[in-house]
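Keeping their order, the protein sequence lines are chains A and B. Counted the way the numbering used here counts, the first sequence spans residues 2 to 252. Counted the way the numbering used here counts, the second sequence spans residues 2 to 325.
Some hints could be false.
[Unchecked claim] Per label pair, the in silico range of CB-to-CB distance:
#1 11(B) / 206(A): 54 to 60 Å
#2 136(A) / 17(B): 32 to 38 Å
#3 138(B) / 85(A): 54 to 60 Å
#4 212(B) / 131(A): 39 to 45 Å
#5 206(A) / 307(B): 15 to 21 Å
[What the hints assert, rightly or not] Cross-link-like lysine-lysine pairs, in silico, DSSO-like; alpha carbons within 30 Å at most:
#6 113(A) / 60(A)
#7 132(A) / 113(A)
#8 132(A) / 216(B)
#9 132(A) / 311(B)
#10 60(A) / 182(A)
#11 216(B) / 113(A)
Don't read these hints as lab results, they were simulated from the structure. Even glycine gets a Cβ: it sits at the ideal position worked out from N, Cα and C.
In case you want the letters, here they are:
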Amino acid sequence: MLVVEGLVKRFGGFTAVNNVSFRVDQGEILGLIGPNGSGKSTIFNLLSGTLVPSAGSIKFGGTELAGMPPHRIINGGIGRTFQIPRPFRRLSLFENVALAGYYGQGRHSRAKADEAAERALEMVGLPTDRKVSVDGLGAAGLKKLELAKALATGPKLLLADESLGGLDEAEMDQAAEMLRKIRAELGITIIWVEHIMGVLMRVVDRVMVLDHGEKIAEGLPAIVSSDPRVVEVYLGTEADATQAAAAEARR
Amino acid sequence: MSRTNLSGARLLPWLVGAVLIALPFANRDPYHLHLLILILIWSFAYTSWSMMGRFGLVSLGHGGFMGVGAYVTALLWNHAGLTPWLGIPISLACAGLLAVIVGYPCFRFRITGHYFVLVTLALSGIVLQVITASRDYTGGSLGFSPNRVPGNSLWALQFEDKRTWYLIALAIWAVGLLIWRTVDRSMDRYALEAISEDEDAAAAAGVNVTWEKLKITVISALMTAFAGALYCQYQMFITPDTVSGISVSLQMVFAVIVGGVYVALGPTVGAVITILLAEALRIGFGTKAVGWDNLIYGLLLVLFIIFLPKGILGSTLARFQARR
Chain A
2 MLVVEGLVKR FGGFTAVNNV SFRVDQGEIL GLIGPNGSGK STIFNLLSGT
52 LVPSAGSIKF GGTELAGMPP HRIINGGIGR TFQIPRPFRR LSLFENVALA
102 GYYGQGRHSR AKADEAAERA LEMVGLPTDR KVSVDGLGAA GLKKLELAKA
152 LATGPKLLLA DESLGGLDEA EMDQAAEMLR KIRAELGITI IWVEHIMGVL
202 MRVVDRVMVL DHGEKIAEGL PAIVSSDPRV VEVYLGTEAD ATQAAAAEAR
252 R
Chain B
2 MSRTNLSGAR LLPWLVGAVL IALPFANRDP YHLHLLILIL IWSFAYTSWS
52 MMGRFGLVSL GHGGFMGVGA YVTALLWNHA GLTPWLGIPI SLACAGLLAV
102 IVGYPCFRFR ITGHYFVLVT LALSGIVLQV ITASRDYTGG SLGFSPNRVP
152 GNSLWALQFE DKRTWYLIAL AIWAVGLLIW RTVDRSMDRY ALEAISEDED
202 AAAAAGVNVT WEKLKITVIS ALMTAFAGAL YCQYQMFITP DTVSGISVSL
252 QMVFAVIVGG VYVALGPTVG AVITILLAEA LRIGFGTKAV GWDNLIYGLL
302 LVLFIIFLPK GILGSTLARF QARR
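Full structure from sequences and hints, please.
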């Protein structure tokens, strides 16, 4: 479904993504993990057209996406969420999602947009009342809104960027459950970005690990999590994170 | 109770409309009519600016569009004998083209915020310079008058009777409000609100950011150019300073901010205030007060942006709604 080859993104002298290749098959959930700054979000920005690749190719259902403007990529069937939720505060909750339903599918019909918005909001469990404002939403609610906006664009492939954390254990379980449900009920293929391994490893079919912009491992969750390089790079930082959390708790 | 309120609210625009149409037949004082015509024409121009301004696309280039509308129409009439009925569409096409030339690169390459303001400021300056420099054709800073045709002429779009002009200006002002409302109720409004907050997120929702911004810019430019042409046909005298240039652009920003940029009638309120202020200064202080209006505009602009960013009408309506 998605074939990425030799993807490179440089910002000046800094290479954020270095020669990354991977593929995603119809109906699977691919986990994309790595420490902060490893290039996960950059890859998402490249796939969704927010950034233009310095080199490499991105083929989605046979169509080359590299260099295509974002709205055409979205219309072509890729939906994305942002790491930090980016709601439109001047629009109501419903309007936020209806906007995505209207422009995201490329067929501009108000009735269909409203319909798509209602379905998406119900799917993620947000109110479909037209007058609810965005301001009342907490961190988890805003994440759900991001997801609803992405779903309303009618994607075949969903890029779910959950990597900021900010959710507690129960909320993360819920988010994982949500992605599983989206695949099961809507048949949407998913790439899921996360930097905490735990929940992700239980849900994804395959996982790909990034470090410093390079792919260091890819495969079944069980095999990848015992890969020595991954343990070194990834669990190392998680150990640091645990220490940091402990230090935080002491303060 | 609420039902009577609703039908009352629905009737109100028609009532006001009827009063406005009847006005010149009840009050024939040419000075009052002159003021009303100016207020209507400028209201339309300010509404045109607010089409973009309300979405955070702050342009200081609208003096340029207005100048193109006025000068192209008048020049074609004097030098080519072309009726304004053709001259105005041509001038609009020129303004639209100019808007695309300036707007497309800005939007495509994401020149936003202050940088966009600076680019449009340059547009104002350039149009002013071109008009002033080609003085053999435009009369330079001394101004320019379309050739007079005796009596009333629909062909030349020249009328001696102020009532005719009042009704024309009234109709065009109403059309301006109608365009504002059409955009306000369209999906494009959602898209532009979203763009004004976060372009990447809007694009991720599938919005063609460049196209949406370009569309509203061209609409706004066409309307502004039309206001310029109308002003020229009414006043029969234009100078680079009264229809183009930076001072006209600033005056638009000021009037819209004072009236209210997010409400349909905000620019109209702004026009009433600015024109009455200018007239009061002119009559009260005569030539001693030349330039005072700009000074007061500047001061008020700062105060409004700090204390009343929604403008007079916007803040009043917001307070009214909060109370209900």
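Against the structure, the hints:
{"no.": "1", "hint": "11(B) / 206(A): 54 to 60 Å", "in the structure": "holds (58 Å)"}
{"no.": "2", "hint": "136(A) / 17(B): 32 to 38 Å", "in the structure": "holds (35 Å)"}
{"no.": "3", "hint": "138(B) / 85(A): 54 to 60 Å", "in the structure": "holds (55 Å)"}
{"no.": "4", "hint": "212(B) / 131(A): 39 to 45 Å", "in the structure": "violated (27 Å)"}
{"no.": "5", "hint": "206(A) / 307(B): 15 to 21 Å", "in the structure": "violated (56 Å)"}
{"no.": "6", "hint": "113(A) / 60(A)", "in the structure": "holds (28 Å)"}
{"no.": "7", "hint": "132(A) / 113(A)", "in the structure": "holds (19 Å)"}
{"no.": "8", "hint": "132(A) / 216(B)", "in the structure": "holds (28 Å)"}
{"no.": "9", "hint": "132(A) / 311(B)", "in the structure": "holds (22 Å)"}
{"no.": "10", "hint": "60(A) / 182(A)", "in the structure": "holds (26 Å)"}
{"no.": "11", "hint": "216(B) / 113(A)", "in the structure": "holds (23 Å)"}
When each numbered hint is compared with the structure, violations occur for hints 4 and 5.
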